[in-house]
Amino acid sequence: MSETLVLSPSYEYVGRVSWDRAITLLFLGKVEVLEEYEDRDIRSVTFSIKMPSVIRFLQAIRGKRRAVKFSRENIYARDQGRCQYCWRKVTRDEFTYDHVNPRAAGGKTTWENVVASCMQCNQDKKNRTPAEAGMRLRTTPVRPKRLPDVRITLVWRKGMPESWKSWVRDFIYWNGELDNDEGDALAGV
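Under the working numbering, the sequence shown has 181 at position 181, and the numbering climbs by one with no breaks.
No lab work stands behind these hints, which were simulated from the structure alone.
Built from N, CA and C at the ideal position, the CB exists for glycine as well.
One thing to keep in mind: the hints can contain errors.
[As the list claims (entries may be wrong)] Restraint ranges, calculated between C-beta atoms of paired labels, are given here:
hint	residue 1	residue 2	range
1	113	134	16 to 26 Å
2	42	123	13 to 23 Å
3	2	166	10 to 20 Å
4	26	126	54 to 64 Å
5	166	139	33 to 43 Å
6	18	38	10 to 20 Å
Go ahead and model the full structure; you've got the sequences and the hints to work with.
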């Protein structure tokens with residue numbers, strides 16, 4: 001299936017949606033089409049339209065405030081990419097998340113019980129509480145009301161539609177949930 005690149009009114013990357021979602025947004029008058037797939041038409045008995053490749057919202061998205069979704073990426077963002085025991089900066093690939101109160105002792109996988117940790121600190125702590133391991137948490141884990149601004153790198157790669165090339169910028173600032181499916185941010189629109 002073909003995807004459509006979605007931009008904000010100020011031409012910043014918002015996400016990607018399926019072509020049929022893009023058509024729905026177009027017919028609702030919420031977006032304009034900036035680029036089309038040259039070789040893909042949508043045909044019905046009464047009309048024919050080129051499949052949109054890049055669309056832009058005409059007005060800012062004003063969605064409902066939703067609770068921040070619990071996810072590995074959002075734990076990393078909340079903890080600012082730092083191990084909550086040694087305070088060392090860790091990359092997304094290096095970090096693990098640690099249950100402050102271990103699952104073996106009844107600890108749950110919740111915002112209030114999970115923190116970002118480097119592998120070394122996670123191994124040192126083992127299946128113990130920080131007090132039992134002689135370690136100290138740098139911050140108290142809480143459920144965030146919103147996440148800090150996060151820099152996401154989006155680079156055009158081979159295999160992406162050529163029509164996206166001029167719209168994709170190297171660095172995009174985005175505030176919201178981090179998911180593998182960027183289109184989720186548009187679900188309520």
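Those earlier numbered hints the structure runs against, lowest number first: Number 2 - this is the single hint that the structure violates.
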